[in-house]
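Peer 1: Starting from the structure of chain A, add chain B where the hints point.
Residue numbers (UniProt numbering), protein chains in the order written: chain A, 1 to 333; chain B, 1 to 156.
By construction, these hints were calculated from the structure, which means they are not laboratory data.
Keep in mind that this is a model prediction, so the values were computed, not measured.
C-beta atoms are modelled at their ideal positions from N, C-alpha and C, and glycine is treated no differently.
Some hints here could point you the wrong way.
To be verified - A partial selection of chain A residues facing chain B, derived with a Cβ cut-off under 8 angstroms:
hint : residue
1    : Thr-61
2    : Lys-88
3    : Gln-92
4    : Glu-105
5    : Thr-194
6    : Arg-251
7    : Gln-302
As the list claims (entries may be wrong) - Heads up, simulated PhoX-like pairs for lysine-lysine below, C-alpha to C-alpha not over 20 angstroms straight-line:
hint : chain 1 : residue 1 : chain 2 : residue 2
8    : A       : Lys-214   : B       : Lys-132
9    : A       : Lys-25    : A       : Lys-51
10   : A       : Lys-125   : B       : Lys-14
11   : B       : Lys-127   : A       : Lys-125
12   : A       : Lys-214   : B       : Lys-14
13   : B       : Lys-11    : A       : Lys-214
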Amino acid sequence: MGSLELKQSLSGHKGRVWNVCWHPKGNSLASCGEDRTIRIWANESSKWVVKTILAEGHQRTVREVSWSPCGNYIASASFDATTAIWDKKAGQFECNVTLEGHEHEVKSVSWSRSGQLLSTCSRDKSVWIWEAADDEYECASVISCHAQDVKKVKWHPHEDTLASASYDDTVRIFKEDAYSDWVCTATLNSHTSTVWSLSFDSTGNRLATCSDDKTVKIWQEYKPGNEAGISTENNESVWKCCCTLSGYHSRPIYDIDWCKLTGLIATACGDDIIRIFREDTDSNPNQPSFSMVCTTDDAHTQDVNSVQWNPVVPGQLASASDDGLVKIWLYSE
Amino acid sequence: MADQLENTNPKLYKKVHEREITAEDEDEDVVDDFDSREIFDLIRNINDPEHPLTLEELNVVEQSLIEVDNKHNKVHVKFTPTIPHCSMATLIGLSIRVQLLRALPSRFKVNVEITPGTHASETAVNKQLADKERVAAALENNHLIEVINQCIAAKM
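Next up, chain A with everything else stripped away, as it sits in the complex (with noise of 0.2 angstroms):
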């Protein structure tokens, strides 16, 4: 078994924080909460301190925040059904661009590879596609294929491909077509109860979902003209659940994040526990296996929210609470 070693904890927010996203380099953390303030930590002689509060820039709370693929940038989505994107230019943070159109609370933002393409979601149960070009962002697709309120949406890690997760409990993928409409190219389901967040791998051939339903699942895309034999229809991937981890969580998973660097997938409960997953070493690609490797009772007193491996430094994971704080720990074999 792993150990996850508690490095610092850091107060600052007034009540639950929803999430944590680190900076592309690694060397600085976002957070954001129901006290609708966004903070930007960064590690100075080893301590991590609060740099930036960034303050009136949504009415309520502040439910996901995401750094641009370059770093230069912020888009926070909140529950005042606006999305607001924050840069640098001036030399500190400003919002310079509010992003307006959902009808209810915008749930997840996510930044594409490129940085060009930008995705939100919300409880009025659609996606949007921006296209951020020289700091204009034009919506370039609304997709209402979720019957229900839509938690998240996540980037492929390579291609120009989205996935969203939803309270109807299923996960879709989209792609754009030949005709430069986006559609919904996969419905992945087999979820019981809400789809809360997901996570790509680093090849983005799998992904990984948790649920309201106390169950992780890994799911394998199988391209056209796979190995496996999987049959496709109109030339596009499936996604087979591959893999259940069910028994590990008591209550709610809130979010999951599969480390792009060393494989390990960690997950933020209603139990107050962090857990992390590692694949077996003699598992079948197509029926692979996971273990529990770390299990971190009381990781914090209240709900975990979010968990996010930092993208540079292998084993350092942050996350957020209802109990007003944001963690920073090590994991370590």
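Peer 2: Using the frame of chain A, we list chain B on its own:
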């Protein structure tokens, strides 16, 4: 609120007696665990959204439908809508959740559900009440929180 009452003639139930305070309760050195009676006392006087009656008087909440697990910080409350198509079910459940959220220590995980078999949309209502993100968003809605506060405010 609707102009017409959904359930025009609700059945009334007898209220329980006040809790008897024992010598142990008053002894500051004895650790009092939360029990179902204590949880019941926190929610029995919540007002029904459409009648000038409490949830206890309408038998919407009952002590026997409350489970408390102090060791594992769990509180489970089942409530029974007065009629199977009650459109107020979500609001009643939300009022119970908010009251317990405010009154109990933050270590408790509170589940509020409809008593099985007593409401036409119990699965949908239960799912909504269990979704803390939607509950959080609802509580930022000024109109809704006003209505909930009115339900929770105990009559003197």
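Peer 1: All hints are to be evaluated individually against the structure, with a verdict given for each.
Peer 2: Each hint tested on the structure:
1. Thr-61: holds, 6 angstroms
2. Lys-88: With Cβ-Cβ at 29 angstroms, over 8 angstroms, it is violated.
3. Gln-92: Since chain B brings no Cβ nearer than about 28 angstroms to Gln-92 (chain A), farther than 8 angstroms, the hint is violated.
4. Glu-105: Glu-105 (chain A) check passes; min Cβ-Cβ to chain B is 5 angstroms, inside 8 angstroms.
5. Thr-194: For Thr-194 (chain A), the interface hint holds, since the closest Cβ of chain B sits about 7 angstroms away, which is under 8 angstroms.
6. Arg-251: Since the shortest Cβ distance to chain B is 7 angstroms, the answer is holds.
7. Gln-302: Hint holds; Gln-302 (chain A) Cβ to chain B Cβ min 6 angstroms, cut 8 angstroms.
8. A:Lys-214 - B:Lys-132: The given pair, whose Cα atoms are some 15 angstroms apart, holds under the 20 angstroms limit.
9. A:Lys-25 - A:Lys-51: Given pair Lys-25 (chain A), Lys-51 (chain A) holds - Cα atoms ~16 angstroms apart, limit 20 angstroms.
10. A:Lys-125 - B:Lys-14: This hinted pair is violated, its Cα atoms lying about 45 angstroms apart.
11. B:Lys-127 - A:Lys-125: Status holds; Cα separation ~16 angstroms.
12. A:Lys-214 - B:Lys-14: violated, 40 angstroms
13. B:Lys-11 - A:Lys-214: Answer violated: Lys-11 (chain B) to Lys-214 (chain A) is near 39 angstroms, above 20 angstroms.
Violated hints, in rising order: 2, 3, 10, 12 and 13; the structure is consistent with all others.
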